[in-house]
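Assemble the complex: chain A is given as a structure, and chain B with the ligands must be docked to it using the hints.
Chains A and B, in that order, are what the protein sequence lines are.
Going by the numbering used here, the first residue of the first sequence is number 1, and it counts up by one from there.
Going by the numbering used here, the first residue of the second sequence is number 229, and it counts up by one from there.
These aren't lab readings, by the way, just hints derived from the structure by calculation.
It is possible that part of the hints are untrue.
What the hints assert, rightly or not - Below, in silico cross-link-like pairs of lysine to any residue (SDA-like), each with a Cα-Cα straight-line distance of 20 Å or less:
#  : chain 1 : residue 1 : chain 2 : residue 2
1  : B       : Lys457    : A       : Arg109
2  : B       : Lys473    : A       : Met67
3  : B       : Lys457    : B       : Asp324
4  : A       : Lys201    : B       : Ser462
5  : A       : Lys105    : B       : Lys478
6  : A       : Lys95     : B       : Gly303
7  : B       : Lys473    : A       : Val203
8  : A       : Lys105    : B       : Lys323
9  : A       : Lys105    : B       : Lys249
10 : A       : Lys106    : B       : Leu328
11 : B       : Lys254    : B       : Ser349
12 : B       : Lys478    : A       : Leu189
13 : B       : Lys478    : A       : Ser16
14 : A       : Lys19     : A       : Ala96
15 : B       : Lys478    : A       : Pro11
Unchecked claim - Looking from chain B toward chain A, a few residues come up when the C-beta cut is under 7 Å (computed):
#  : residue
16 : Cys289
17 : Asn302
18 : Val434
19 : Thr438
20 : Thr446
21 : Thr448
22 : Ser462
23 : Ala465
24 : Leu472
25 : Lys478
26 : Pro480
Heads up, the beta-carbon is just placed ideally off N, CA and C, and yes, glycines get one too.
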Amino acid sequence: MSATSAGAASPPTAPSFYKATIGKKVVMALTGTVGAGFVVVHMAGNLGVMGGAESFNRYAAFLKTSMLVLWAARLVLLGSVVLHIRAALQLYALKAAARPVPYAKKAYRAATPASRFMIWSGSALGAFLVFHILHFTTGTLHPSFIEGNVFHNVTSEFQKPLIAGVYLVSMAFLFLHLRHGLYSLTQSLGLSHPRYVNTAKLVANALAFVVAAGFASVPLAVLTAVVR
Amino acid sequence: MRTFSLTLNVWRQKSASEPGKFVTYKAPNVSEHMSFLEMLDVVNDDLILTGGEPIVFDHDCREGICGSCGFMINGIAHGPNRATTVCQLHMRSFKDGEELWLEPWRSAAFPVVKDLAVDRSAFDRVIAAGGFVTAPTGSAVDGNAILVPKPDADLAMDAAACIGCGACVASCPNGSAALFSAAKIGHLGFLPQGQPERDNRVLAMVEQVTLEGFGHCTSTGECEAVCPKGIQISYIARMNRDYLKASIAKRPEASVGGSG
Ligand code: HEM
Ligand code: FES
Numbered sequence: 001m002s003a004t005s006a007g008a009a010s011p012p013t014a015p016s017f018y019k020a021t022i023g024k025k026v027v028m029a030l031t032g033t034v035g036a037g038f039v040v041v042h043m044a045g046n047l048g049v050m051g052g053a054e055s056f057n058r059y060a061a062f063l064k065t066s067m068l069v070l071w072a073a074r075l076v077l078l079g080s081v082v083l084h085i086r087a088a089l090q091l092y093a094l095k096a097a098a099r100p101v102p103y104a105k106k107a108y109r110a111a112t113p114a115s116r117f118m119i120w121s122g123s124a125l126g127a128f129l130v131f132h133i134l135h136f137t138t139g140t141l142h143p144s145f146i147e148g149n150v151f152h153n154v155t156s157e158f159q160k161p162l163i164a165g166v167y168l169v170s171m172a173f174l175f176l177h178l179r180h181g182l183y184s185l186t187q188s189l190g191l192s193h194p195r196y197v198n199t200a201k202l203v204a205n206a207l208a209f210v211v212a213a214g215f216a217s218v219p220l221a222v223l224t225a226v227v228r
Numbered sequence: 229m230r231t232f233s234l235t236l237n238v239w240r241q242k243s244a245s246e247p248g249k250f251v252t253y254k255a256p257n258v259s260e261h262m263s264f265l266e267m268l269d270v271v272n273d274d275l276i277l278t279g280g281e282p283i284v285f286d287h288d289c290r291e292g293i294c295g296s297c298g299f300m301i302n303g304i305a306h307g308p309n310r311a312t313t314v315c316q317l318h319m320r321s322f323k324d325g326e327e328l329w330l331e332p333w334r335s336a337a338f339p340v341v342k343d344l345a346v347d348r349s350a351f352d353r354v355i356a357a358g359g360f361v362t363a364p365t366g367s368a369v370d371g372n373a374i375l376v377p378k379p380d381a382d383l384a385m386d387a388a389a390c391i392g393c394g395a396c397v398a399s400c401p402n403g404s405a406a407l408f409s410a411a412k413i414g415h416l417g418f419l420p421q422g423q424p425e426r427d428n429r430v431l432a433m434v435e436q437v438t439l440e441g442f443g444h445c446t447s448t449g450e451c452e453a454v455c456p457k458g459i460q461i462s463y464i465a466r467m468n469r470d471y472l473k474a475s476i477a478k479r480p481e482a483s484v485g486g487s488g
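In isolation and in its complexed conformation, chain A is listed as follows:
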């Protein structure tokens, strides 16, 4: 091809792909999808609390049937979270550099708060993730943790309004993060199409709501003594 033709002659490498903001967003979208898939399954599992201590503890034990599968899943999830946060921070730095002088006046016509504050809803989720693992997985932050008695671990803590409140607020952030994220990933991955874009937004909102509301139903059920 002659020197005047459009663009580079050699195929891009993985680093050059990731160097573009589009590449970083592809990583965010894929790792975000892993996370979204996880929260859907995790939420559905949590609803088992409603069935009482015995069945819920049996379900929790079932999840630990194979240490190999458990750790494989944990590794994929951890890897996704790390790549997701890494890309988020890199994009945040690029965005800050792209507009060094802020507007004195800025108005928004279309951008929703959920879309503008992904970094903050994401940061809240990151902080929640750390607390949540230390709370219910390792028991480090749990005052009466009993290994294997997941029903007790959950219900004893959600009776405390402060703890339940932390979880409820975090689920509000999850709703905001997912309602925009699940739609945005269809753009980032090039799956969006004018014919389906309204459906995509609807599905994103509905899925985000179902996941957040499903999670929130557990502390609410314990708090209102429906489950104890």
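Same frame as chain A, but now just chain B with the ligands:
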């Protein structure tokens, strides 16, 4: 004819290297039939007659087709009307006594030249990287020698309506040039003439966008809401798809090839 007065807080900045600040001006006797730029012309006449420095802003066609004009009015690119450049914006869209804030596009890739005028050469470099087709010149090709489906022609035309004003970058919370580059990549990508260089084009233009330091797309939709040509963010999804596809599937060029 209705006339009224406005208070303007205008960003004044001597050059890219000097700090700027807002200066307040009165605009008396504004006719509702004036365009926004004509209103500024009158303010500038007064400034010149009283020994002041006129407010610098870009403009050329004043009919919404060249893409020269553009600044923020109360935080919205090109002002309050949708699908309207600031040169096409009429003063009947404003009320007596209103206070307006005029700011230049704020983007590291668009350094301020003076006051409300910014340097958008970054866009030119993105186009130069691949926003064209390498066509042999010479005698004109027969009409309809290459067939283009009507929906594709329409989509190509919609994308080609981009005048490169920079409002998308200016209004994006991340200072992203995704809508501009997607429009330029899209309008050639929908046409048969754009196919031979399609992979190269998206790779080269996206690389140049990266080099210019624009931010990323978060799908806020703010760009399409202010675009004077109403270009939609579905083109961004298509650019992302092209970029992914080219990154995965582009074939290397053989040093000797095509000899069978
Ligand atoms: C439960 C955990 C999480 C899930 C399920 C999740 C999911 C998602 C999804 C699906 C997206 C859309 C990607 C796209 O726009 O293409 C996204 C975007 C984003 N996530 Fe997360 N995320 C999680 C945690 C986090 C954390 C811990 C952070 C930490 C900072 C974070 C920061 C972001 C940011 C900043 C974006 C938007 C990127 C942008 O377009 O500017 N997320 N997330
Ligand atoms: S001056 Fe040409 S588009 Fe406004």
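Hint check, failures only: Hint check: 2, 3, 5, 7, 11, 16 fail, others pass.
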